[in-house]
Amino acid sequence: MTRLNIKKGSTSHSAYELRDPNAELIETHTLAVLVDNESGVLARVIGLFSGRGYNIESLTVAEVDHLGHRSRITVVTSGTPQVIEQIKAQLARIVPVHEVHDLTVEGPSVERELALIKVAGRGEARIEALRLAEIFRANVVDSTLESFVFEMTGTSEKIDAFAELMRPLGLREIARTGVAALSRGA
Amino acid sequence: MMTKATTRTMTGAEMVVQALKDQGVEVVFGYPGGAVLPIYDAIFQQNDIRHILVRHEQAAVHMAEGYARSTGRPGVVIVTSGPGATNAVTGLTDALMDSIPVVVLSGQVPTFMIGTDGFQEADTVGITRPCTKMNWLVKDTARLSGVIHQAFHVATRGRPGPVLVDIPKDVQFATADYTAKPDPLVAHYQPQVQGDSAAIARLVELMETAERPVFYTGGGVINSGPEASRLLRELVAATGFPITSTLMGLGAYPASGKAWLGMLGMHGLYQANLAMHGCDLMINVGARFDDRITGRIKDFSPHSTKVHIDIDPSSTNKVIHVEVPIIGDVANVLTAALALWRARGARVNRAALAAWWQQIEAWRARDCLAFRPSDKVIKPQYALQRLEALTRGRDRYITTEVGQHQMWAAQYLGFEEPNRWMTSGGLGTMGYGFPASIGVQVAHPDALVINVAGDASWLMNMQEMGTAMQFRMPVKQFILNNERLGMVRQWQQLLHGERYSQSWSESLPDFVKLAEAFGAHGAQVTDPARLDNAILKMIDSDGPFILDCRVEKHENCYPMILSGKPHNEMVMGEVEGEGAIGARGAVLV
Numbered sequence: 001m002t003r004l005n006i007k008k009g010s011t012s013h014s015a016y017e018l019r020d021p022n023a024e025l026i027e028t029h030t031l032a033v034l035v036d037n038e039s040g041v042l043a044r045v046i047g048l049f050s051g052r053g054y055n056i057e058s059l060t061v062a063e064v065d066h067l068g069h070r071s072r073i074t075v076v077t078s079g080t081p082q083v084i085e086q087i088k089a090q091l092a093r094i095v096p097v098h099e100v101h102d103l104t105v106e107g108p109s110v111e112r113e114l115a116l117i118k119v120a121g122r123g124e125a126r127i128e129a130l131r132l133a134e135i136f137r138a139n140v141v142d143s144t145l146e147s148f149v150f151e152m153t154g155t156s157e158k159i160d161a162f163a164e165l166m167r168p169l170g171l172r173e174i175a176r177t178g179v180a181a182l183s184r185g186a
Numbered sequence: 187m188m189t190k191a192t193t194r195t196m197t198g199a200e201m202v203v204q205a206l207k208d209q210g211v212e213v214v215f216g217y218p219g220g221a222v223l224p225i226y227d228a229i230f231q232q233n234d235i236r237h238i239l240v241r242h243e244q245a246a247v248h249m250a251e252g253y254a255r256s257t258g259r260p261g262v263v264i265v266t267s268g269p270g271a272t273n274a275v276t277g278l279t280d281a282l283m284d285s286i287p288v289v290v291l292s293g294q295v296p297t298f299m300i301g302t303d304g305f306q307e308a309d310t311v312g313i314t315r316p317c318t319k320m321n322w323l324v325k326d327t328a329r330l331s332g333v334i335h336q337a338f339h340v341a342t343r344g345r346p347g348p349v350l351v352d353i354p355k356d357v358q359f360a361t362a363d364y365t366a367k368p369d370p371l372v373a374h375y376q377p378q379v380q381g382d383s384a385a386i387a388r389l390v391e392l393m394e395t396a397e398r399p400v401f402y403t404g405g406g407v408i409n410s411g412p413e414a415s416r417l418l419r420e421l422v423a424a425t426g427f428p429i430t431s432t433l434m435g436l437g438a439y440p441a442s443g444k445a446w447l448g449m450l451g452m453h454g455l456y457q458a459n460l461a462m463h464g465c466d467l468m469i470n471v472g473a474r475f476d477d478r479i480t481g482r483i484k485d486f487s488p489h490s491t492k493v494h495i496d497i498d499p500s501s502t503n504k505v506i507h508v509e510v511p512i513i514g515d516v517a518n519v520l521t522a523a524l525a526l527w528r529a530r531g532a533r534v535n536r537a538a539l540a541a542w543w544q545q546i547e548a549w550r551a552r553d554c555l556a557f558r559p560s561d562k563v564i565k566p567q568y569a570l571q572r573l574e575a576l577t578r579g580r581d582r583y584i585t586t587e588v589g590q591h592q593m594w595a596a597q598y599l600g601f602e603e604p605n606r607w608m609t610s611g612g613l614g615t616m617g618y619g620f621p622a623s624i625g626v627q628v629a630h631p632d633a634l635v636i637n638v639a640g641d642a643s644w645l646m647n648m649q650e651m652g653t654a655m656q657f658r659m660p661v662k663q664f665i666l667n668n669e670r671l672g673m674v675r676q677w678q679q680l681l682h683g684e685r686y687s688q689s690w691s692e693s694l695p696d697f698v699k700l701a702e703a704f705g706a707h708g709a710q711v712t713d714p715a716r717l718d719n720a721i722l723k724m725i726d727s728d729g730p731f732i733l734d735c736r737v738e739k740h741e742n743c744y745p746m747i748l749s750g751k752p753h754n755e756m757v758m759g760e761v762e763g764e765g766a767i768g769a770r771g772a773v774l775v
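So the sequence lines, in the order shown, correspond to chains A and B. Everything in the first sequence is counted per the numbering used here, starting at 1 for the first residue and increasing by one. Everything in the second sequence is counted per the numbering used here, starting at 187 for the first residue and increasing by one.
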């Protein structure tokens with residue numbers, strides 16, 4: 001149709017389309033993936049995310065059915081709606097994957113994360129940390145005269161908020177489990 | 187194919203051979219080494235399974251691919267640990283991209299040595315995880331036979347693909363009970379093959395009213411089996427809709443068929459690409475909207491309703507939004523669609539369809555494959571036209587390497603049946619064609635098997651001349667020799683200011699002497715007038731043959747859609763409107 005007319009030395013063309021066609025709204029979804037509990041399955045799931053350039057914001061995995069030989073992977077991921085659909089389809093076609101549920105769209109769900117938070121300090125800061133912990137319903141699971149380890153469960157946002165408050169009061173270390181999630185109802 | 191369940195005690199190595207027999211395997215492609223010696227010992231002591239000794243493990247996988255693509259049955263490969271397995275990686279990736287069923291059995295260091303950096307140890311399941319549909323490390327002989335049967339199940343069900351079973355040496359020596367069934371722990375894999383009936387009904391409604399429909403078919407039709415090709419032909423004939431195909435799908439619909447538009451895509455035919463751009467109903471049957479097909483996504487077929495039949499749910503809406511996805515096996519879906527369409531009266535919009543065909547014929551009349559002929563130098567397009575003319579009517583099998591010659595072969599050769607065209611589409615693996623041609627010949631000992639090659643690609647697996655000679659595989663190597671990396675050179679000419687960086691073939695061998703060094707025959711041809719005789723000599727030779735066909739060095743492959751351009755902005759060849767002889771005309775010269 002058009003005769004080729006490109007200036008010598010032009011780099012405006014490439015062997016690949018270089019623009020991102022998916023520059024749309026980014027959504028965050030929580031996926032529950034039921035898999036065979038055998039070696040390499042987690043690597044296959046994680047490799048899918050890294051190999052295809054998908055995001056993992058949080059990932060938890062543990063055996064949930066010893067007799068049935070099943071593990072549950074809960075992964076919080078983000079992407080455009082098209083990418084999220086693609087992630088679910090790609091997960092579902094992995095051979096040892098039995099079920100994929102998108103808890104964000106399959107009706108209401110509960111999401112919880114557990115965190116251990118170490119705060120060190122003396123005097124007023126120490127008292128303030130303890131007071132805030134009560135407000136957030138965090139438990140003290142270890143204590144010295146100079147430190148606490150708080151245990152708290154809640155949404156990721158709640159843990160984020162608590163950790164931010166602890167920062168000026170002597171936050172030393174934080175360990176988080178990542179999100180576990182279930183749909184509500186029977 | 188599986189025999190009835192038998193329980194017998196045997197070694198892991200004997201299990202490998204027994205499981206292959208129970209799967210109906212007649213031939214394996216492989217290369218021995220320390221970690222597979224017990225398996226090779228078991229192979230030595232039987233006569234049911236033939237072993238083709240390759241010269242490089244990459245070639246073993248390509249041979250298995252050629253075998254699989256020309257038969258529809260899975261190809262089987264045995265390699266040793268470490269380098270044996272890593273050499274197989276390119277073949278595995280190639281098979282994954284093109285959805286080819288291949289089962290690779292690899293040796294591994296003994297279980298107690300895994301993780302100690304033992305001699306020829308590599309993390310094979312780790313390395314091959316992203317390039318297999320599924321892989322397994324078997325640490326217990328009791329599970330070995332079940333896993334091998336499961337491997338065949340996974341490789342061939344749903345969207346086919348490569349699988350790998352990694353077998354440590356102590357597992358091969360140990361004994362356990364043999365089972366002829368897949369491992370129940372991993373036997374749940376059963377992809378959906380029946381299409382959703384509401385979606386199929388929607389397809390039929392669209393077919394009844396479409397004004398400018400087109401079938402866009404791909405490798406999924408071939409993978410579904412001969413019945414899918416038969417149904418596709420029936421559907422096209424009954425509806426009168428035009429049909430185009432991807433590189434992977436050539437042969438599903440015959441090139442001599444009335445509704446055939448030729449291949450589409452980056453180097454597809456003018457009428458095929460414009461039909462895709464201008465259609466109002468696109469029926470994608472087993473293709474995946476590859477980037478070499480779509481061009482600029484935003485402008486891809488902007489006015490069409492798109493239906494996509496695919497067995498892999500992750501293929502739908504991956505790059506192109508489709509209104510009607512139908513998940514299922516092509517043959518199943520086409521059967522249901524044909525039955526429903528006929529039950530509703532077999533209606534199409536005849537008047538609109540006639541106008542659509544008139545438009546298509548006008549596009550076809552531009553004769554986009556025209557090129558400037560020469561009586562001084564062999565034009566590569568002319569070489570392929572002559573190959574086509576001189577092999578027409580023969581049940582020939584064609585493999586290719588990757589590059590310009592591959593695109594010219596797809597443009598100028600006509601395929602009448604499925605499973606006759608083996609080319610590396612997704613991965614674009616130079617070095618694929620020669621070993622693939624051997625794999626095809628192993629499956630079809632009496633057939634005419636031709637590898638259309640370029641000089642650079644062919645060198646990448648030239649060591650397989652030894653395999654071809656040892657097993658008397660009369661494969662024909664039709665090398666279009668331009669002493670260049672032709673496609674790289676073309677892109678450099680068009681898009682990189684004619685700076686030909688590293689794209690020529692210095693120090694090429696004398697291909698005739700090379701053939702003779704292996705004990706084969708070869709010939710060189712430079713004169714267009716002698717081309718026919720040279721091709722006939724190649725075809726008529728009774729052993730492996732290399733034809734070094736010296737062609738025009740700077741020919742470009744057209745038509746061409748530059749990346750990031752839509753289908754209606756094709757670049758045509760240099761000869762348009764200059765009184766050149768058309769493709770059809772040149773055949774007659």
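For the record, the hints were derived by calculation from the structure and aren't laboratory data. Take these hints with a grain of salt, some might be off.
As the list claims (entries may be wrong) - Chain B side only, calculated, beta carbon under 8 Å to chain A, not exhaustive: (1) K319; (2) D498; (3) S500.
C-beta: ideal position from N, C-alpha, C; glycine also.
D498 (chain B) as chain A interface residue, shortest Cβ-Cβ below 8 Å:
6 Å, holds
Does K319 (chain B) meet its interface restraint, that is, does its C-beta lie within less than 8 Å of any C-beta in chain A?
At about 7 Å, which falls below the 8 Å cut-off, the nearest Cβ of chain A leaves the hint on K319 (chain B) intact, so it holds.
Under 8 Å is the threshold here; is the Cβ of S500 (chain B) close enough to any Cβ of chain A for the hint to stand?
Constraint on S500 (chain B) satisfied, holds at 4 Å.
Checked against the numbered hints above, the structure violates none of them.
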